[in-house]
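Listed here are the chains, written in short residue letters.
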Amino acid sequence: MANLIGARIERKEDKKFLTGKGRYTADINLANQTYAYFVRSPHARAKITKLDHSKAMKAPGVIDIFTGDCVVKDKIGGLICGWKIVSQDGKDMKCPPHPVLAKDSVNFVGDHVAVVVAETLEQAKNAAELVNVSYKLQKAVTRTEEATKFENIHEGIDNNLSFDFLLGDKGKTEEAFSKADKIVKLDLVNNRLIPNAMEPRAAIGDYNTSSDELTLYTASQNPHLDRLIMSAFNAVHPEHKFRIVAPDVGGGFGSKINVYAEDVVVAYASKKIGRPVKWVAERSESFMSDNHGRDHVTHAELAMTNDGKITGLKVDTIANLGAYSLVLAAVTPTYLYAPLVLGIYDIPVACCTVKGVYTNTAPTDAYRGAGRPEATYVIERIVTQAAKEMGMDQAEFRKKNFIKKFPHQQCLVHNIDSGDYDAHLDKAIELADYKNFENRRSQSAKKGKLRGIGFSTYFEACGVAPSAVVMSIGAGVGLWESAEIRFNPTGNVSVFTGTHSHGQSHETTFAQIVGDKLGVAIENIDIVHGDTDKGPFGMGTYGSRSLTVGGTAIVKACDKIIAKGKKVAAKMLEGKPEDIDFKGGEFILKNSNKKKTIGEIAFACYLPGTFGDVKSPLPEGVEPGLIETSFFDPSNFSFPSGTHICEVEVDEETGETKLVKYTVVDDFGTVINPLVVEGQVHGGVAQGVGQALYENAHYDESGQLTSASYMDYTMPRADNFPQITLDYTCTPATSNPIGAKGCGEAGTIAAPAAVMNAVIDAVGSDVSMPATAEKVWKVLKKNGSKKAAA
Amino acid sequence: MAVINIEINGKKISKEVPDNILLSDFLRERLTLTGTHVGCDTSQCGACVVHLNGNSVKSCTTLVADCDGAKITTIEGLASNGKMHPVQEAFKKHHGLQCGFCTPGMVMSAVDLLEKKKNPSEQEIRDWLEGNICRCTGYQGIVAAVKDAASKM
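Protein sequences appear in the order of chains A and B.
Residue numbers 15 to 804, in the working numbering, belong to the letters of the first sequence in order.
Residue numbers 7 to 159, in the working numbering, belong to the letters of the second sequence in order.
Don't read these hints as lab results, they were simulated from the structure.
Treat each hint with caution, since some may be false.
Far from chain A by the CB rule (all over 10 Å, computed), these chain B residues [said to hold, decoys possible]:
1. Glu13
2. Gly16
3. Ser20
4. Leu84
5. Lys122
6. Val149
Below are the DMTMM-like pairs computed for lysine to aspartate or glutamate, each with C-alpha atoms no more than 25 Å apart in a straight line [claimed, not checked]:
7. A:Lys35 with B:Asp118
8. A:Lys35 with B:Glu13
9. A:Lys139 with B:Asp154
10. A:Lys29 with B:Asp154
11. A:Lys35 with B:Asp25
12. A:Lys29 with B:Glu82
13. A:Lys29 with B:Glu95
14. B:Lys98 with A:Glu24
15. A:Lys139 with B:Glu22
16. B:Lys99 with A:Asp540
17. A:Lys285 with A:Asp66
18. A:Lys574 with A:Asp547
19. B:Lys89 with A:Glu537
20. A:Lys87 with A:Asp118
21. A:Lys29 with B:Glu35
22. A:Lys675 with B:Glu130
23. A:Lys26 with A:Asp547
24. B:Lys89 with A:Glu24
25. A:Lys186 with A:Asp103
26. A:Lys609 with A:Asp595
27. A:Lys675 with B:Asp25
28. A:Lys139 with B:Asp25
29. A:Lys35 with B:Glu130
30. B:Lys21 with A:Glu133
31. A:Lys30 with B:Glu13
32. A:Lys461 with B:Glu130
33. B:Lys98 with A:Asp733
34. A:Lys30 with B:Asp118
35. A:Lys87 with A:Glu227
36. B:Lys153 with A:Asp595
37. A:Lys139 with B:Asp47
38. A:Lys26 with B:Asp154
39. A:Lys672 with B:Glu130
40. B:Lys153 with A:Asp741
Just so you know, even glycine gets a beta-carbon here, dropped at the ideal spot from N, CA and C.
Could you put the whole structure together from the sequences, leaning on the hints where they help?
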């Protein structure tokens with residue numbers, strides 16, 4: 015069983031998914047189930063003047079209709095911001111009320127107004143059309159840069175400004191800029207994205223009228239947190255009588271972190287009617303009401319010496335929070351963003367301001383990478399621009415400014431424990447055949463294509479997160495993780511983790527860790543997650559934390575199992591616990607051939623006595639059973655890094671950009687399963703490429719979402735990609751015993767900058783994301799391209 | 007209402023169905039064949055792909071009433087005698103799936119391609135799968151799986 019760490023093992027979870035046996039929330043149907051359909055606002059901003067559902071109540075099959083008045087009457091709390099930010103003037107951020115069903119006003123297209131519960135979905139939908147809502151329309155604001163100049167959309171929130179955040183030393187930064195030989199300036203837009211997990215959100219509330227237990231089945235990345243929020247803040251049901259089950263979850267990418275209005279409402283409605291209530295999002299509802307991501311407008315400046323040494327960085331960003339502030343809405347563009355704008359460069363002084371603004375758009379929150387793709391986009395674009403303006407090779411410019419010694423305390427927040435940035439850049443340059451790029455550029459030119467190359471040398475802070483640190487800066491919870499190892503009497507093992515896989519392969523990789531530690535075959539290890547009634551409280555999966563934090567909790571629980579096993583083995587082998595070695599699943603008495611397998615020890619722990627052939631008295635003071643729990647709180651974030659090199663060909667006639675070569679070298683520290691890590695990187699890169707070339711959530715002037723289907727929101731597809739070349743370097747993390755740094759978001763963090771640097775290199779001037787054919791064609795035409803003008 | 011006779015995964019059934027019921031809803035809600043997924047409402051994502059008389063179709067835009075006399079294979083009917091189809095095996099080997107939601111449609115599309123074309127090129131595979139969206143894998147494992155399965159079919 016040894017050497018499971020680093021082994022390329024096929025996934026345990028695959029067979030069920032491949033044979034149609036996956037069980038997602040929408041696949042669950044309960045006896046006596048009813049169906050919910052939501053009445054949503056068709057307007058971006060309006061006052062509700064009247065809501066009349068008398069006609070709808072009489073429609074066939076309707077059981078009940080719930081409105082904003084009902085939730086107020088029943089004291090159901092609103093949705094919360096879970097991590098509050100303090101502005102630079104010392105004042106708390108401002109959060110508007112966010113009722114689960116709007117009572118007086120609506121603030122984005124898709125805002126929840128009422129829910130119809132009926133015997134069938136069709137009946138619920140038909141009745142919803144009869145709910146008569148009168149609106150008094152108001153002017154809406156959707157554009158990030160216009161928000162602070164617009165009239166207040168929420169009472170008491172002046173200039174629509176939630177917070178004005180500052181990180182860094184403004185005075186010292188200004189001083190560095192006043193002494194700079196050269197200053198590079200850049201204006202950037204980070205486009206709004208819609209996460210688009212392929213499984214639309216779904217929720218089923220199931221209230222047991224006999225036991226007073228409430229069960230909510232929901233597509234969630236963090237069922238325990240959902241339960242905590244819905245008990246403590248939404249007051250749906252007491253935590254000890256409330257079970258949340260997130261069965262197979264079909265992708266999340268951050269969009270399934272939040273407790274959504276639909277979760278609260280179906281749970282509440284089930285209690286009200288005493289029957290299960292099921293809701294499944296249509297894709298258009300997902301587009302409208304899932305949290306969106308990114309949406310920044312940024313001005314950045316880099317100060318340098320004449321020989322290309324960076325001496326300071328200034329970044330000013332406006333981040334669009336949308337209509338309300340969701341759970342991680344405020345931390346995403348602040349603490350997950352601002353410290354990261356430094357990239358992997360040794361920058362002595364910097365400051366970053368972020369204005370969080372409200373607009374009449376869907377609320378934004380964490381989307382794969384959460385803040386770090388935005389930060390990487392700023393630093394990697396401006397560094398590339400700087401190298402160009404200095405006339406220096408972009409790889410050399412980067413190397414000249416890389417952090418070289420570790421641990422390294424950055425000038426803003428992070429203390430980076432380990433890394434070797436030259437190593438992954440050098441390896442990537444070699445793999446990408448950088449030295450022959452100009453030849454390839456000439457060859458492309460012969461075909462009438464403009465070829466460009468782009469670099470992105472990224473890092474990220476993940477493995478979230480040390481509880482004391484995050485709580486001191488506003489987090490509403492600590493970010494430790496739990497694990498419980500239950501040895502069963504027959505020797506197989508159930509492992510309970512507070513993380514939850516929504517595609518990350520935990521059933522395989524966590525089994526590898528336990529198998530390696532305890533010497534049990536991975537077939538005999540079951541990873542259990544996604545059910546608050548089964549394992550201990552856990553924080554869930556996001557921020558590339560599952561392995562570094564959740565995996566470490568598992569390792570520590572395994573260590574406790576081994577420690578207890580040694581005591582039991584010592585008794586059975588007639589030695590002392592300190593003379594017992596544990597290796598490959600066997601407890602061995604030193605200097606003897608006496609040993610017991612871990613299965614025998616587990617059996618003994620459950621049969622602590624002597625009867626016939628069974629001779630397993632436990633040592634004095636040792637409790638029966640073999641179950642151990644561990645909670646791990648990391649001492650620091652982890653800091654993966656790497657180099658992406660992208661080459662594109664732009665068709666001068668059409669403006670179409672084609673990705674032709676893509677190389678990645680990552681330093682993720684210890685890798686548990688390369689097959690799984692490759693998948694994470696490939697998928698991450700694809701999402702980053704999607705942001706750079708295709709995806710854009712667009713609202714028109716009146717606040718209508720004009721990209722609310724796959725016909726209008728361009729998802730990356732199989733024919734958009736070449737083979738991605740992938741390799742690794744390794745400097746183990748020092749903040750966890752596995753040495754792992756996290757890999758789930760890296761691709762999405764690095765790729766947008768790599769792709770856009772390549773597009774800009776090809777085109778010869780700035781292009782904003784997404785670099786669609788139309789946009790690039792217009793830039794080429796403006797630049798005087800005769801072909802583009804044709 | 008219409009009475010339809012169809013064969014699903016080798017089993018003949020006869021049912022009275024509403025004229026407007028979609029094949030995807032029929033499979034999921036009436037036959038509890040929930041392996042066929044619905045990921046969008048515009049026939050764009052491909053999670054609902056099944057085989058209708060040997061051709062891959064999007065079941066979310068197929069009316070059951072139009073399927074009278076048809077043979078339908080869903081993801082649940084692809085393995086035979088407990089042995090996974092070579093395409094299913096190859097998806098496992100090459101990590102062609104993560105969250106698993108697009109997987110049934112993706113596999114059914116890929117099987118149709120390989121039944122129609124013996125050894126497709128990488129570009130042909132990518133072009134064929136253009137109607138199936140995967141958000142997790144970046145398609146690299148999927149394309150590798152289809153290539154590998156082609157050599158085994």
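Evaluated hints:
no. : hint                   : result
1   : Glu13                  : holds, 17 Å
2   : Gly16                  : holds, 15 Å
3   : Ser20                  : holds, 23 Å
4   : Leu84                  : violated, 7 Å
5   : Lys122                 : holds, 17 Å
6   : Val149                 : violated, 7 Å
7   : A:Lys35 with B:Asp118  : holds, 21 Å
8   : A:Lys35 with B:Glu13   : holds, 20 Å
9   : A:Lys139 with B:Asp154 : violated, 45 Å
10  : A:Lys29 with B:Asp154  : holds, 18 Å
11  : A:Lys35 with B:Asp25   : violated, 29 Å
12  : A:Lys29 with B:Glu82   : holds, 11 Å
13  : A:Lys29 with B:Glu95   : holds, 9 Å
14  : B:Lys98 with A:Glu24   : holds, 6 Å
15  : A:Lys139 with B:Glu22  : holds, 23 Å
16  : B:Lys99 with A:Asp540  : holds, 21 Å
17  : A:Lys285 with A:Asp66  : holds, 23 Å
18  : A:Lys574 with A:Asp547 : holds, 23 Å
19  : B:Lys89 with A:Glu537  : holds, 18 Å
20  : A:Lys87 with A:Asp118  : holds, 14 Å
21  : A:Lys29 with B:Glu35   : holds, 23 Å
22  : A:Lys675 with B:Glu130 : holds, 19 Å
23  : A:Lys26 with A:Asp547  : holds, 23 Å
24  : B:Lys89 with A:Glu24   : holds, 17 Å
25  : A:Lys186 with A:Asp103 : holds, 19 Å
26  : A:Lys609 with A:Asp595 : holds, 9 Å
27  : A:Lys675 with B:Asp25  : violated, 50 Å
28  : A:Lys139 with B:Asp25  : holds, 18 Å
29  : A:Lys35 with B:Glu130  : violated, 29 Å
30  : B:Lys21 with A:Glu133  : holds, 22 Å
31  : A:Lys30 with B:Glu13   : holds, 23 Å
32  : A:Lys461 with B:Glu130 : holds, 22 Å
33  : B:Lys98 with A:Asp733  : holds, 22 Å
34  : A:Lys30 with B:Asp118  : holds, 21 Å
35  : A:Lys87 with A:Glu227  : holds, 22 Å
36  : B:Lys153 with A:Asp595 : violated, 47 Å
37  : A:Lys139 with B:Asp47  : holds, 15 Å
38  : A:Lys26 with B:Asp154  : holds, 20 Å
39  : A:Lys672 with B:Glu130 : holds, 17 Å
40  : B:Lys153 with A:Asp741 : holds, 22 Å
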